[in-house]
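2 protein chains.
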Amino acid sequence: MNKHILEQFLTDLKPLGLPLMKGEHLFFQGDQVENFYYLKTGKIKLIRNTIEGGQALIHVALAGESFAEASLFSSEYHCSAIAVSTSEIMRYKKSDLLVYLEQKPAAMKGLLKMFAQQVRDLRTVNEIKNIRSAKERVLTFISHEMNEDKELYLSMPLKDVAYKIGLTHETFYRELKKLEQARKLQRRDGFLKLL
Amino acid sequence: MNKHILEQFLTDLKPLGLPLMKGEHLFFQGDQVENFYYLKTGKIKLIRNTIEGGQALIHVALAGESFAEASLFSSEYHCSAIAVSTSEIMRYKKSDLLVYLEQKPAAMKGLLKMFAQQVRDLRTVNEIKNIRSAKERVLTFISHEMNEDKELYLSMPLKDVAYKIGLTHETFYRELKKLEQARKLQRRDGFLKLL
DNA sequence: ATTGATATATGATTCAAATCATATGCGGTG
DNA sequence: CACCGCATATGATTTGAATCATATATCAAT
Chain A
11 MNKHILEQFL
21 TDLKPLGLPL
31 MKGEHLFFQG
41 DQVENFYYLK
51 TGKIKLIRNT
61 IEGGQALIHV
71 ALAGESFAEA
81 SLFSSEYHCS
91 AIAVSTSEIM
101 RYKKSDLLVY
111 LEQKPAAMKG
121 LLKMFAQQVR
131 DLRTVNEIKN
141 IRSAKERVLT
151 FISHEMNEDK
161 ELYLSMPLKD
171 VAYKIGLTHE
181 TFYRELKKLE
191 QARKLQRRDG
201 FLKLL
Chain B
11 MNKHILEQFL
21 TDLKPLGLPL
31 MKGEHLFFQG
41 DQVENFYYLK
51 TGKIKLIRNT
61 IEGGQALIHV
71 ALAGESFAEA
81 SLFSSEYHCS
91 AIAVSTSEIM
101 RYKKSDLLVY
111 LEQKPAAMKG
121 LLKMFAQQVR
131 DLRTVNEIKN
141 IRSAKERVLT
151 FISHEMNEDK
161 ELYLSMPLKD
171 VAYKIGLTHE
181 TFYRELKKLE
191 QARKLQRRDG
201 FLKLL
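Chains A and B are the protein sequences, given in the same order. Per this note's numbering, the very first residue in the first sequence carries number 11; after that it's consecutive. Per this note's numbering, the very first residue in the second sequence carries number 11; after that it's consecutive.
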């Protein structure tokens with residue numbers, strides 16, 4: 011969905027294709043923001059170095075997504091971007107993009123809408139993380155993300171889903187199994203289906 | 011900070027003043043979105059009715075903030091707004107605002123920037139909620155919110171802060187006390203100061 | 001001033017998720 | 001093919017935050 015919005019209003023600007031090897035850094039936390047990126051194919055992990063020296067997963071950008079959008083208005087990145095798998099990036103010069111948006115209200119409105127969606131999604135995850143029970147947490151997450159057929163396509167490893175909703179992967183695996191055994195959930199390949 | 015941005019680009023539109031008594035609803039979850047609101051004075055709580063019948067605090071809007079920004083692009087509210095204290099609201103007709111933004115790129119850019127900041131703030135809270143240790147969670151939160159003097163003005167009750175970072179208020183009180191006793195934190199009136 | 005509601009505070013106990021450990025499966029790579 | 005790294009999976013144990021209970025302080029309203 012983000013894909014269409016972005017492709018729509020970025021067509022007039024000539025982006026630069028940029029291949030990225032697995033494990034390669036696109037930018038580092040603290041780097042000056044000179045470009046705006048759009049992920050064509052692959053997967054990009056955004057991590058932030060915490061005070062205690064740890065690393066926190068902030069977001070996993072998937073094919074068709076832009077990422078680190080907030081950096082459009084800040085001079086330096088507040089997180090690092092690392093390719094989880096071999097990826098293809100579209101690169102736009104930040105200054106060009108800002109000028110372009112200023113001249114094309116429809117484009118800016120599209121971006122605004124995308125940001126609004128982001129805010130809502132983040133609030134949803136935030137709310138989910140306040141649910142104490144792992145079981146309820148998992149069920150609530152699936153309910154929010156599933157389609158009309160009550161199916162959820164997993165665009166990332168279960169491990170990352172666990173992190174996203176604030177559970178350890180061990181607990182997440184166990185809860186999935188329990189739900190499956192209780193006939194409340196069905197699993198096949200990359201899908202979860204609520205019953 | 012949000013205050014200045016909004017006041018700047020909403021000046022040309024004539025808003026409608028709207029007094030709100032404590033406990034009064036501004037809108038209900040599911041209502042059609044016809045207006046965009048800006049909180050002049052007071053405090054507004056945004057709550058969402060969860061599936062299990064519970065209520066989740068999504069956000070506490072303070073004086074000078076706009077809220078439920080995401081609703082600008084959706085037909086109905088996904089949360090309810092209730093005045094925590096007697097408040098004064100500025101009301102803009104949604105359709106008017108959208109037209110206005112389309113005609114004034116600078117205004118839209120301002121809004122875009124505000125949304126970007128929202129996204130970053132939400133990601134920060136998200137990250138904080140993944141910290142298991144209550145002590146580290148509290149410390150990390152304060153570190154992120156404090157000013158240059160390492161002081162944090164509490165614009166909401168400790169209870170709400172606890173909820174914001176995903177702790178029960180009991181645990182939060184206890185951790186504050188422990189940090190105080192360990193001389194890592196100082197408390198006076200509505201301030202927390204890291205030592 | 002009295003009342004009522006809510007925030008703050010703290011103790012005792014429980015329990016469920018984190019942690020630690022270990023094993024298997026699986027996809028990519030030389 | 002064989003190896004490696006990582007995801008998935010599951011068991012045993014621990015622990016610390018949630019829960020339950022109760023008390024006091026504070027603030028708002030009448």
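Calculated directly from the structure, the hints in this document are not laboratory data. Hints should not be assumed to be uniformly reliable.
The list makes no distinction among identical chains, and a pair is therefore deemed to hold if it is satisfied within one copy or across any two copies.
To be verified - Straight-line C-alpha distance at most 16 Å; calculated EDC-like pairs for lysine to aspartate or glutamate:
{"#": "1", "residue 1": "Lys50", "residue 2": "Glu75"}
{"#": "2", "residue 1": "Lys203", "residue 2": "Glu185"}
{"#": "3", "residue 1": "Lys24", "residue 2": "Glu86"}
{"#": "4", "residue 1": "Lys123", "residue 2": "Glu86"}
{"#": "5", "residue 1": "Lys50", "residue 2": "Asp159"}
Here the structure is a predicted model, which is why all the values come from computation and not from measurement.
Taking the earlier hints as the rules, which of them does this structure contradict?
3 and 5
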